[in-house]
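Build the full structure now, drawing on both the sequences and the hints.
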Amino acid sequence: MEQIQHKYVEVSGLKLHVAELGTGPKVVLFLHGFPEIWYSWRHQMIAAAAAGYRAIAFDFRGYGLSQQPPEPEKASFDDLVVDVIGIMDSFGISKAFLVGKDSGAFPAFHVAVLHPERVSGVVTLGIPFMLPGVSVIPMHLLPKGFYILRWQEPGRAEADFGRFDVKTVIRNIYMLFCRSELQVASDDQEIMDLADPSAPLPPWFTEEDLKVYSSLYENSGFRTPLQVPYRTLGIDCGVKDPKITAPGMLIMGEKDYVLKFPGMEEYIRSEKVKEFMPNLEIIFHEEGNHFVQEQFPEEVNQLVITFLNKHST
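Here the sequence shown stands for residues 1 to 313, where the numbers follow UniProt numbering.
Please keep in mind that the hints were generated in silico from the structure rather than gathered at the bench.
In this text, all values refer to a predicted model and were calculated from it rather than measured experimentally.
There may be inaccurate statements among the hints.
[Unchecked claim] Each computed PhoX-like pair below joins lysine-lysine, with the alpha-carbon atoms no more than 20 Å apart:
1. 240 with 272
2. 26 with 310
3. 167 with 211
4. 243 with 272
Have a look at this one:
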């Protein structure tokens, strides 16, 4: 971990925190989800660099050590596309592999659709091909107490989270979202109420990991992370007939709660997703949950490195 270098890159007037390891022309850019941060890719960055790749991960704008946008309530996934291209341009990178997890998959897909010449391949974990506003998943079929619907309400998550310190919020989210069932609150509950404070952390997520995540979110707060992804999911990105021809790989844990989204499992297992990504390889991990890259880092590393080597030129 100590060999990972940290720096700041200015994109669109914002200073973004970037973590980097490795050198050379073959580049992998890692895109985190929520409640994750650059640190969620620590295992994959070390493995990619050891395999001869330049591994880069950054905190999305308004997350962790990256600067807040001037108007967080107007932030959208379009901004993340700008940031990905801006970071590549700042480092003089003409083409890269994009690896996205959870909501970090959205900018990976979006960049690959809008800027195919900049993308060598796309790997996503936990989320198959989707774009904001062009969702193939019927969100209206989700129960009304579902966490995404709750967190889309302005002020609701802020009030819920505000009852606890940041460390407890991050701990609760990790504990809830490593389960295989959907997180749904009843009318007299908030999402944080679903967590069991006495439950031990899973063995793959240590107190030290929790401390790192907490310190980063203590710095940034949750204002922008609640806007992107949750409150901007329904904004149409304006892409018609999207398709990604670059090589792709989807890693999905069999115990990932995302499979319980209405229509999600059929969308993946029927390979309907390949209508959008014809060169997609789909891999299910039998024991994997929503945090599979932290839960089983060696197995995920092997899958990712094999994919990178196969499609490197």
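Each hint, compared with the structure:
no. : hint         : result
1   : 240 with 272 : holds (17 Å)
2   : 26 with 310  : holds (12 Å)
3   : 167 with 211 : holds (7 Å)
4   : 243 with 272 : holds (13 Å)
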